[in-house]
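Engineer: Start from the sequences and build out the full structure, keeping to the hints where you can.
Chains Y and B supply the protein sequences, listed in that same order. Our numbering numbers the first residue of the first sequence as -10 and each following residue consecutively. Our numbering numbers the first residue of the second sequence as 62 and each following residue consecutively.
These are calculated hints, taken from the structure and not from any lab test. Heads up, the beta-carbon is just placed ideally off N, CA and C, and yes, glycines get one too. Be aware that one or more of the hints could be misleading.
What the hints assert, rightly or not - Cβ-to-Cβ under 7 Å is the rule here; a few derived chain B residues that face chain Y:
#1 Ala124
#2 Ile126
#3 Gly127
#4 Val129
#5 Tyr133
#6 Ser226
#7 Phe232
#8 Ile239
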Amino acid sequence: MNKTYYFLIILILTLGIGALFFPEKSYIKEISPELLFYKMNNPSRFVTTDQVAKLIIESDPTLFLIDTRSSDQYGSFSLPGAMNIPLDELVDSIGIICPKWIDYLDIEGMKVIFFSNSDVIADQVWVICTRHELDNLYVMRGGLNTWAETILMPQKPSEYSPDEEFALYDFRRGACQYFVGGSISIKSDVVADQVPRVRRKKKTVVAGGC
Amino acid sequence: MGPLISQGYINPEWNFVIALLLGVAFGYILEASGFSSSRRLAGVFYGYDFVVLRVFMTAVMVAMIGLVYFDYMNWIDISQIFILPTFLTSVIVGGVIMGLGFIMGGYCPGTSFTGVAIGKLDAVFFTAGLFLGIFIFSSAFPLIEGIYYGGELGPVTVMDTFGISRGLFAFLFIVATISAFILVSWIQKRVTKNEV
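Structural biologist: Here you go:
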């Protein structure tokens, strides 16, 4: 046999032996760029702080809050029941979500809501997770800054505001009491209508018989 | 980085242009390797010439080891490569028909076109029969649809079925291929020696 063949056999065998030591990669399927672009332009992923507060107060079992800030910030303050997944720990060196987080993010029937100080980092996490074909993901609009403005320090609407704004203000004050504690009394401005009392004639005992 | 088209580096509209260029290159190499000769191709069945086996198995081996290394280097996302779904019944029935056609006619579909390109008469007849077969298959498709779609297993791979790594499969395939090369060389020597 020609010497070149021996050389080629040794070369391909060496490459084959080298392939034995390659680590196994775990691939996660990604959605197409077109679909990702469509989803990014769809604002339905945003939920308001009021909606989040309502879900927490109602102890919705399908709610799963994820704090995307650093662990230090998470340690100082976060929403009740939230789990910490910082953005820089979410993906590995080649941009794939670490398998340890997938189990948390891919629970069927759960509403996963990301939040950060504003909604920029939370939205980045949403894009990464949505790209990896994960569903039921939401972003809290405005993040914790808006949470503080709306839930923790709600502003009273002007007296000419519609009733809906007053109802929302009442809800926020109640939510503030729920999250912060204290003794805020909710005073309703609605005056109950006077119910007219009707005096009924006393029934007299039947006198006499037939 | 790769695959270049599905990752958006190359516009999908170039698909057919690239396929045409690759087809021309493939045809040229087939012809240059002597695959336009039906006697040479049929040699694999009679044991006097195993060039078909050597060329195709070498191509598979090189492509496979290349993909494994490209995947390791992150030059290609191997999960995005299209894997043809397996239809077991049609693979077995089609394989038997193709083998019979190959041994009788001396060509496979691709090599018959290289034979036509250099004006071989047997290749012209073979290609005419090929189109006749396509016509009969298309006309009778409702009758054989059950066989065509039978035994669907989806895009299965040997690695998934046996739970082994891609690297281990590549190594085993290389060992098996080199063993086959040594075996066919021995067979070829014996057959050609007897003929002399």
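Engineer: What are the numbers of the hints that this structure violates, sorted from low to high?
Structural biologist: The structure conflicts with hints 1, 3, although it agrees with all the remaining ones.
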